[in-house]
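Enquirer: Each chain is listed here by its residues.
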Amino acid sequence: MAEDTTLSPVEIKRVAQRALVLQSYILRRAWGVLYATLSLAIFVTVFVSPSEPIIALRITVNMAASGTALIAILWAFKRARETTEVSNAMAHRRWSRPLGYRSLVPTWAAIYAVLIMTVIFFRQQAVLAILVVYLVLAAYVYYALRLSFPLRLPPEGIAALSSLALAAGGSLALLPFLSGDPAPYVILWGSMIAVWLFAAAYARTRPFPVPTEGWET
Amino acid sequence: MRGEAGRRDDPDVARATIKSLKKQLGDPSLKSSTRVLILILLTMNKKMSSVELRALTGLGKGSLENHLEKLATAGYVSTRNVKSFGVTHQTVEVTEKGLESCRTLLRRIQSLDV
Chain A
145 MAEDTTLSPV EIKRVAQRAL VLQSYILRRA WGVLYATLSL AIFVTVFVSP SEPIIALRIT
205 VNMAASGTAL IAILWAFKRA RETTEVSNAM AHRRWSRPLG YRSLVPTWAA IYAVLIMTVI
265 FFRQQAVLAI LVVYLVLAAY VYYALRLSFP LRLPPEGIAA LSSLALAAGG SLALLPFLSG
325 DPAPYVILWG SMIAVWLFAA AYARTRPFPV PTEGWET
Chain B
2 MRGEAGRRDD PDVARATIKS LKKQLGDPSL KSSTRVLILI LLTMNKKMSS VELRALTGLG
62 KGSLENHLEK LATAGYVSTR NVKSFGVTHQ TVEVTEKGLE SCRTLLRRIQ SLDV
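These protein sequence lines map, in sequence, to chains A and B.
For the first sequence, my numbering assigns the number 145 to the initial residue and increments by one for each residue that follows.
For the second sequence, my numbering assigns the number 2 to the initial residue and increments by one for each residue that follows.
Honestly, I wouldn't trust all of these hints.
[Unchecked claim] Which chain B residues stay away from chain A? Per the calculated CB distances, all over 12 Å, these: (1) Asp28; (2) Gly59; (3) Ser85; (4) Lys98; (5) Cys103.
[To be verified] Here are the computed lysine to any residue pairs in the SDA-like style, where the Cα-Cα straight-line distance is at most 25 Å: (6) B:Lys62 with B:Phe86; (7) B:Lys47 with B:Gly61; (8) B:Lys47 with A:Ala174; (9) A:Lys157 with B:Lys84; (10) B:Lys84 with A:Trp219; (11) B:Lys62 with B:Glu94.
Worth flagging that the hints you see were computed from the coordinates, not collected in a lab.
Quick caveat: nothing in here was measured; it's all calculated off a predicted structure.
By construction, the Cβ of each residue, glycine as well, lies at the ideal position given by its N, Cα and C atoms.
Chain A on its own, in the form it takes in the complex (with noise of 0.2 Å):
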């Protein structure tokens, strides 16, 4: 390795794409837990929740774990939001940072907002609406893996997206027909659970990525 010389421009650029796919390595570990603790927060939220008698508690418990898992969602997205400066300054983009508290937070509290107003004036819809927000988590899931892996999604991203939008898409396409039968929904939902356990656990052992030849000078 020869060092202490100037770089060129080329060079930079070639270990700022090393340092990109280290990133990547990094990233997908981050997911790991993020999978994990949404995939529990989903658990508790579909199916321990709805047990609870008193509806305040019911809500109290389903803000603790999406609480919880807003806090794994904004500790995994702090990296995606830096590593998109470096590969959008590779990539010609503009620079941005649309994954922060600021904009999450707010969004978290909107969200809660309308289904408790949802709750006490149109209860008959609060499912409904509860299954347009997992709509909305899975397409906001979809944004946050493309700014974290803006080449390639990992299979493991591509397949805990499909069981979370196939679940509340299956669940919104069988509210109409099955409302007084849970089972088709909890057979959607574990075995959503069941995907997104596997993606964390599969996303967390991955091997770390082997240099390729000539990314240093």
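Start from chain A and add chain B according to the hints.
Expert: Using the frame of chain A, we list chain B on its own:
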């Protein structure tokens, strides 16, 4: 107002960018691909442990310390020892100067379209 492409095509702007890039790349602390890699990784992560940096760069302990010392002398990073659960870890943090330098470097390279 000229757009990004207009500025990139402007020969005067390109010359000025090349001049400032040459000056920046002449900085002794940036005359190493490993140090530039460390600086970019820290720009993306703000703070990392030296164990994490060793794993990512493939450097030995002494070699990493040498690189970090040069970056710290230039004011790009700061290191400190943190004790948790009875074990002392070294954490490396990028400074504002380091962040600005790395961002400027990448922006200049972007504007040159290399």
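Enquirer: Each hint needs a verdict: does it hold in this structure or not?
Expert: Structure-based check of each hint:
Distance to chain A contradicts Asp28 (chain B) as a non-interface residue, since its nearest Cβ pair spans about 9 Å, not more than 12 Å. Distance to chain A contradicts Gly59 (chain B) as a non-interface residue, since its nearest Cβ pair spans about 7 Å, not more than 12 Å. With a closest Cβ-Cβ approach of about 17 Å to chain A, Ser85 (chain B) is found to remain outside the 12 Å limit, as its non-interface label requires. Every C-beta of chain A lies more than 12 Å from that of Lys98 (chain B), the closest at about 17 Å, which supports listing it as non-interface.
Taking the minimum C-beta to C-beta distance to chain A, about 8 Å, the non-interface status of Cys103 (chain B) is violated against the 12 Å cut. With a C-alpha separation of about 22 Å, the suggested pairing of Lys62 (chain B) with Phe86 (chain B) holds against the 25 Å cut-off. Proximity of Lys47 (chain B) to Gly61 (chain B) is assessed by CA-CA distance (about 22 Å); at most 25 Å being required, the pair is judged to hold. Using a Cα cut-off of 25 Å, the hinted pair Lys47 (chain B) and Ala174 (chain A) holds, with the two alpha carbons roughly 15 Å apart.
For the hint pairing Lys157 (chain A) with Lys84 (chain B), the CA-to-CA distance comes to about 36 Å; that exceeds 25 Å, so the pair is violated. Restraint check for Lys84 (chain B) and Trp219 (chain A): satisfied, since their Cα atoms lie roughly 22 Å apart, inside the 25 Å limit. Distance hint between Lys62 (chain B) and Glu94 (chain B) is fulfilled; the C-alpha atoms sit about 17 Å from each other, no more than 25 Å.
Hint compliance for this structure: hints 1, 2, 5, 9 are broken, all remaining hints hold.
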